[in-house]
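S.K.: Kindly produce the complete structure, drawing on both the sequences and the hints.
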Amino acid sequence: MSELLTETAPRGGMTVSDQVAIEINDMNKWYGSFHVLRDIDLTVYEGERIVICGPSGSGKSTLIRCINALEEHQAGSITVDGTKLTSDLKNIDKIRSEVGMCFQHFNLFPHLTILENCTLAPIWVRKTPKKEAIETAMHYLEKVKIPDQANKYPGQLSGGQQQRVAIARSLCMKPRIMLFDEPTSALDPEMIKEVLDTMIELAEEGMTMLCVTHEMGFARQVANRVIFMADGQIVEQNEPEEFFNNPQSERTQQFLSQILGH
Amino acid sequence: MTDKNIAYLRTTEAPTLPPPSTEVGLRGWLWKNIFASMADYSSTGKAINSILMTILTVGSALFLYWLIAGILDFSIFSATFSDPEGQKREACVVNAGACWPYVQAKWYQFMYGFYPKEEVWRVNVSMFLLAVGTAWLVFPMPRRGLVAGLMLTAFPIISFVLLNGMPVEDDGDLSHIFAGVWFPLIIAGVTGAGWWLAKDGRLGEVAAAMAPILLMVTALFGLFAFLPLITAGLDIALGTTVVETNQWGGLTITLVVAIAGIVASLPLGMLLALGRQSDAPIIKYTSVIFIEVVRGIPLISVLFFASAMLPYFLAPGVDFNKLLRAMIGVMLFSSAYMAEVIRGGLQAMPKGQYEGGMSLGLSFWQQMRLIIMPQALTTVIPGIVNTFIGLFKDTTLVLIISIFDLLGMMNATLTDPTWATPTTAYTGYLVIAFIYFVFCFGMSRYSVYMENKLNRGHR
Chain A
64 MSELLTETAP RGGMTVSDQV AIEINDMNKW YGSFHVLRDI DLTVYEGERI VICGPSGSGK
124 STLIRCINAL EEHQAGSITV DGTKLTSDLK NIDKIRSEVG MCFQHFNLFP HLTILENCTL
184 APIWVRKTPK KEAIETAMHY LEKVKIPDQA NKYPGQLSGG QQQRVAIARS LCMKPRIMLF
244 DEPTSALDPE MIKEVLDTMI ELAEEGMTML CVTHEMGFAR QVANRVIFMA DGQIVEQNEP
304 EEFFNNPQSE RTQQFLSQIL GH
Chain B
60 MTDKNIAYLR TTEAPTLPPP STEVGLRGWL WKNIFASMAD YSSTGKAINS ILMTILTVGS
120 ALFLYWLIAG ILDFSIFSAT FSDPEGQKRE ACVVNAGACW PYVQAKWYQF MYGFYPKEEV
180 WRVNVSMFLL AVGTAWLVFP MPRRGLVAGL MLTAFPIISF VLLNGMPVED DGDLSHIFAG
240 VWFPLIIAGV TGAGWWLAKD GRLGEVAAAM APILLMVTAL FGLFAFLPLI TAGLDIALGT
300 TVVETNQWGG LTITLVVAIA GIVASLPLGM LLALGRQSDA PIIKYTSVIF IEVVRGIPLI
360 SVLFFASAML PYFLAPGVDF NKLLRAMIGV MLFSSAYMAE VIRGGLQAMP KGQYEGGMSL
420 GLSFWQQMRL IIMPQALTTV IPGIVNTFIG LFKDTTLVLI ISIFDLLGMM NATLTDPTWA
480 TPTTAYTGYL VIAFIYFVFC FGMSRYSVYM ENKLNRGHR
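So the protein sequences, as listed, match chains A and B. Residues in the first sequence are numbered from 64 upward in steps of one, following my numbering. Residues in the second sequence are numbered from 60 upward in steps of one, following my numbering.
Derived by calculation from the structure, the hints in this document are not laboratory data. The structure displayed is predicted, hence computed values, not measured ones.
Okay, derived cross-link-like pairs now, DSBU-like style, lysine-lysine, Cα gap no bigger than 30 Å in a straight line:
#  : chain 1 : residue 1 : chain 2 : residue 2
1  : B       : 452       : B       : 512
2  : B       : 410       : A       : 153
3  : A       : 256       : B       : 410
4  : A       : 237       : A       : 190
5  : A       : 206       : A       : 194
6  : A       : 194       : A       : 208
7  : A       : 157       : A       : 193
8  : A       : 256       : A       : 215
9  : B       : 512       : A       : 215
10 : A       : 190       : A       : 215
11 : A       : 237       : A       : 147
12 : B       : 410       : A       : 237
13 : A       : 157       : B       : 343
14 : B       : 410       : A       : 147
15 : B       : 410       : A       : 208
16 : A       : 193       : B       : 410
17 : B       : 343       : A       : 153
18 : A       : 215       : B       : 410
19 : B       : 410       : A       : 190
20 : A       : 206       : B       : 410
21 : A       : 157       : A       : 206
22 : A       : 193       : B       : 512
23 : B       : 512       : A       : 194
24 : A       : 157       : B       : 410
25 : B       : 452       : B       : 176
26 : A       : 215       : A       : 237
Covered stretches of chain A (in silico footprint by chain B; criterion: 3 or more residues with CB under 8 Å from a CB of chain B, positions within the stretch not fixed):
#  : region
27 : 172-178
28 : 230-237
No residue lacks a Cβ here, since even glycine has one placed at the ideal position from N, Cα and C.
M.R.: Take a look at the structure:
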């Protein structure tokens, strides 16, 4: 695996530093007696854009949810930005405020306006003055191209707009790492593009991204590493070109023929 | 078939026609809601249905007529309205209907019990403050946060001073007041230290969850301890005399007990509901046991316990006022019910809402306060108001420990032989029912208003 890492080269003007953003060593997780994640070793460098794919139930969502402690791991270590993830709430809060996350079902707060959704965490977690938080929020809402919806409620927006708000909401915390958990899976086909465009823009600015997705076009265009998971293990990881054109393991070939076949 | 036959292009708008007379206006309404169901005789089954409907409709109409006519007859047509010669029962006994002069004569007792007449302005002032404060809070007015704060802190103290007067013997010796200050100060110190340790996870989640509860308890103790000090000061300024709580009665007692229960049950219920969902076994099982025990016993036994048995458990010389004990009983009782209502709301929250909050780095209490509770409470408004209404009516059980609330007071006036007529009791019950109805219906309508208001925009 380490050989694969050294082969990973910066792509298309997006730079990857040699600074480690996330370091996962020998991580294992069980749901009761079910072993969901097995011996996960993964090093993510700053500025890297990683796409994680694999059949459902392979543990890809669980993996990225472990990184910001939405799920607890039982063995091994996860270090995010030099902070080791333990059961210490202080560390967990620190990591969560530096790691943004977007969910399949957006998880916006339906009782708050778009603007309030975006300013909530900066005001209460970062203790940003309200005026400044609003300015930041408007900045990011402009970036995801929906500043005119700021005073509406999430329920009044389309799925694609809601997901873009969710991205803006995470960005308002000025995270150093962004996690995406199947961000386009709950969207109508015509809305997928607007969300992917936002994510591509984010990638071009050098954000460290881990993205669980089935959008292979996105993986080809943006990722500098694609990870294939099956049965709770990382089966294969490689540059997208190599990964798609020359998959090594049989399991990967099978998976790719399934999703690219149609 | 050729394309020619399929192709069709409308070139003119289809005209909008006026609705048939069965759809609009009074006639339409009557037809749709009353007569349509009785007018279908196209088959045997439908004919039977229509005939049954006719019988039902006529029966309901007769019943409504009988009910309304009866009430009107009793309360207006056959009623005695005035007693100019002060004959009391003789004025009423000649008529078969309601005895309104009785209500007029006993109205003071319905409202205030045996509260001294020359001091009754104090009740009126505090009820006025209550009405203004409540109106301010239930409608969209400016500065509601400030008003809510005042209603929760200053108002209870002011109304306590007003209703009760100075609670300590004015013997010039204030040492016992100051002695009472030490105890809560020590608790406050300990809690403060606990709070500091608990925040930022210094002692883990258990302590973080305990801290606010401790703080509330301390605040409560503090309030009780400082109350004499504050009230003494206010009392000297106002120059009022003490009116013992056993002189209070009527609607005053009903409102005092109900509002104490309503105000306390919401926060206590929230804490219990969260406690029941906690991962920490101590907190979880304390909450579960409290809720199940309180729900498992009738309010009457809680009140009995509070009034008759509690003194045996307390150290000698420690004496809580009977009304205060009843109020605490009602508060604990209603908070257990409220906890279960709120837990229903918490369970309706999708897991994603917690995760959304967590992923942004919000602490547990921030998630609860900013994200979960506002939504959970909105979801269960009908249940909350249901509990409030039930509580409002249950307060009448304080009668069992000889506290005379609205109903108890009315019952007591029935023993007055100068007003003993066959209809006195019915008149009294009618009035009491009406007063209860006004309050409960008001709460019910307010809940509908709140639901519509909170659901606008985001559902």
